[in-house]
Every structure is written in C-alpha cells, then in structure tokens.
Amino acid sequence: MNAKTESGSISGRFDSLKWLVVAALVTIAVVGNQYFAAEPILYRVVGVLLVSFAALFVAAQTTKGRATLALGREARAEIRKVVWPNRQETVQTTLIVVAVVLLMGLILWGLDSLFGWAVSIIVG
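For the sequence shown, the numbering used here gives the first residue as 1, with consecutive numbering after it.
Please keep in mind that the hints were generated in silico from the structure rather than gathered at the bench. Watch out, some of these pointers could steer you wrong.
[Unchecked claim] No more than 20 Å apart at the CA atoms, straight line, and that leaves these computed lysine to any residue pairs for SDA-like: (1) K64 with K81; (2) K64 with E74; (3) K64 with A75.
[Stated by the list, open to error] Now the in silico label distances, taken between C-beta atoms and shown as ranges: (4) T90 with A60: 33 to 39 Å; (5) M104 with V82: 27 to 33 Å; (6) F14 with P85: 46 to 52 Å; (7) T93 with V26: 39 to 45 Å; (8) I41 with Q88: 33 to 39 Å; (9) E78 with F57: 23 to 29 Å; (10) L108 with L49: 48 to 54 Å; (11) E78 with V31: 37 to 43 Å; (12) D15 with E78: 23 to 29 Å; (13) E39 with A75: 35 to 41 Å; (14) I122 with R87: 51 to 57 Å; (15) L108 with F57: 49 to 55 Å.
Small disclaimer: the values here were computed from a predicted structure and weren't measured. We put the beta carbon where it would ideally sit given N, CA and C, even for glycine.
All chains should be modelled from the sequences, with the hints used to inform the complete structure.
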C-alpha cells in the first residue's frame with residue numbers, strides 16, 4: 001500500500017513537469033505555424049498535428065490524463081447501452097414537436113393580437 005502511495009506521489013510530482021512539456025509543445029505548434037506561414041498549408045497542418053499528438057500523448061501520461069481517458073472509455077460504454085429510437089418513433093416524435101410548436105405559435109400570436117388590440121383601445 002505504501003509503495004502505491006509513494007509511486008502516486010512521485011507520479012504526481014512529475015505531472016507538473018509533464019504539463020509544462022504539454023504547454024511547451026502547444027506553444028511550439030502555434031509559434032511554428034506562424035513562423036512557417038510561407039510554407040504550404042499541408043506541411044503546416046502535418047506539423048501541427050504531429051506536435052499535437054505528441055502533446056496529447058504526454059498529457060495522457062499524467063494522472064488527470066489517465067482519468068480523462070477512463071472517463072472517455074466509460075462514456076463510450078454508456079453510449080453503447082442507449083436504446084436509440086427507430087425511424088418510426090423518430091418521425092412520430094418530430095411530428096408531435098412540430099405540431100406543438102405550431103399550436104403554441106398560434107396561441108402566442110392570438111394573445112399578442114388581443115393584447116395589442118386592448119392596448120390600442122386604452123391608449124386611443
């Protein structure tokens with residue numbers, strides 16, 4: 001148990017250094033993209049992508065990065081559990097929403113006309 005705690009604190013100690021490396025890589029990508037503005041866009045995009053992947057790899061080695069990856073895996077597993085509606089259910093639900101929106105629009109238009117008429121009578 002102590003070995004796990006000690007290795008966690010050592011990992012936590014290096015996390016700050018890893019985040020500095022990530023910040024440096026992002027800065028290099030931004031500055032490099034501006035510096036090489038005269039180069040073809042394809043080369044700049046490839047360079048930014050390579051540096052971004054390197055930054056993501058370093059970020060994934062941190063405690064928060066591992067937690068984020070775990071969250072992503074769990075979210076993907078939850079999405080697989082969702083029961084998605086079939087085409088008929090989707091069409092029916094869409095038609096109900098459109099009908100309710102039209103009905104509410106007519107009600108609000110009627111109330112607006114009524115209040116406008118009442119105000120015009122009061123004001124003169």
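Outcome of the hint check:
This hinted pair does not check out: K64 and K81 have alpha carbons roughly 26 Å apart, beyond 20 Å. Distance check on the hinted pair: K64 and E74 sit about 15 Å apart at the alpha-carbon level, within 20 Å; holds. Using a Cα cut-off of 20 Å, the hinted pair K64 and A75 holds, with the two alpha carbons roughly 16 Å apart. Taken as a hint, the range 33 to 39 Å holds for the pair T90 and A60, whose Cβ atoms sit roughly 37 Å apart.
Separation of M104 from V82 is about 29 Å and conforms to the stated range, judged on CB atoms against 27 to 33 Å. The given range of 46 to 52 Å is respected by F14 and P85, whose C-beta atoms sit roughly 47 Å from each other. The hinted range of 39 to 45 Å is satisfied by T93 and V26, whose Cβ atoms lie roughly 43 Å apart. Between I41 and Q88 the C-beta distance comes to about 46 Å, which lies outside the given range of 33 to 39 Å.
A hinted range of 23 to 29 Å holds for the C-beta pair E78 and F57, which are about 26 Å apart. The beta-carbon spacing between L108 and L49, approximately 49 Å, falls within the hinted interval of 48 to 54 Å. Look at E78 against V31: about 39 Å separates their beta carbons, and that is inside 37 to 43 Å. Restraint check, D15 to E78: a C-beta distance of roughly 27 Å satisfies the suggested window 23 to 29 Å.
Between E39 and A75, the C-beta spacing of about 38 Å keeps the proposed range 35 to 41 Å intact. Against the hinted window of 51 to 57 Å, the Cβ-Cβ separation of I122 and R87 comes to about 52 Å, which satisfies the hint. Between L108 and F57 the CB atoms are about 54 Å apart, so this pair conforms to the stated range of 49 to 55 Å.
When held up to the earlier numbered hints, the structure conflicts with 1, 8 and fits the remainder.
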